[in-house]
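Visitor: Given the sequences, and given the hints that come with them, work out the whole structure.
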Amino acid sequence: MKRNGFTLVELLVVIAIIGILIALLLPAVQQAREAARRMQCTNQLKQWILATHNYHDTFTKFPTSWQDGTNQWSAQARLLPYMEQRALESAIDYNVNYTEYHVGGSHENQGKVNGIVLPSVRIDTLLCPSEVKDTRRFDGSDAYHYPLNYALNMGVWYVYNGSNGGEGAFVPSKYLRMADMVDGTSNTMALAEVKAYTHYDRDTATYGTAEINSFPDIGSYIESTVTTSTRNSGHTEWVDGKTHQTGFTAFFPPNTDFDIGAGQPLPADFTNNREDRSGLSSNPTLAAVTARSYHPGVVNVAFMDGSVSRVTDTVNLSVYRAAATRNGGEVLNRNEL
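The opening position of the sequence shown corresponds to residue 1 in UniProt numbering, with each subsequent residue numbered one higher.
Warning: the hint list may mix true and false statements.
What follows is a list of derived Cβ distance ranges for each label pair [claimed, not checked]: (1) N327 - R122: 33 to 43 Å; (2) A35 - N327: 35 to 45 Å; (3) V132 - N335: 30 to 40 Å; (4) R334 - L50: 13 to 23 Å.
Calculated directly from the structure, the hints in this document are not laboratory data.
Built from N, CA and C at the ideal position, the CB exists for glycine as well.
Guide: Okay, structure coming up:
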């Protein structure tokens, strides 16, 4: 008798074969997608470092990371005209603090996009396609800020003492030039990836001028102080020039996480005294704000010469810290990064 169709056993075999093929192909598809996201991330970092060069060509200096007084806007905000965002940047009044652009502020209606206040506008090129928390930050029901994934190199540990900045490629209240990159532009990091919504501790630990050139056990401090219930708004404000929002330091290797009571290590950062706090001369801004990414084992980093490279989580820490200083006098081999 002629059969019409498959037997149950044959159908089960076919289903099993399809399942095996999916199991074999899915990782390859995921890897291909991640490779594409990593490439897009690299291209965006390239655009941002070229934007700093164009800014330098225009003003013969780089933007400050943060400016004392009311003008506390980020360098990323100042670079917007060189990222095809001139209309948005033209709405910024640098004579007032970015907080005046919040809901209820004196400049709330300047720079609104589709009813969203300027600090909460999404800047596509500031966000890595692999970021899992690509979401607007709210204050109650009000749109408040939008995160970012590309942060400025603000050195290793010491950031600011109220009058002088640290050894990074970008520092508070001071305009640096190409000539200030004494270690060489190809040996000095400019920007690196960071994760949004990082847990962090700030303004609670006292470290004075004695610790500027030393490295306390901040890892233990973070694990004893930061919990999942503490602030998790690090790198959520692209308008804010302070280190924990738009910068990174090379205190820890890339993608260093901490046990903060979540059952698994999580990203956590530390700033002892933010740039806009009082008493900075005796208690300067010292920061352990780590470069991180969702690309397995690496972060993308842009250098001051305009190149972009990947730095591994297992990088030699001394070499990595050397790349974070503009005039440390170290002899750096980029192949070791």
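Visitor: Run every hint past the structure and note whether it holds.
Guide: Structure-based check of each hint:
no. : hint                    : result
1   : N327 - R122: 33 to 43 Å : 36 Å, holds
2   : A35 - N327: 35 to 45 Å  : 36 Å, holds
3   : V132 - N335: 30 to 40 Å : 31 Å, holds
4   : R334 - L50: 13 to 23 Å  : 19 Å, holds
When the structure is compared with the earlier hints, no violation turns up for any of them.
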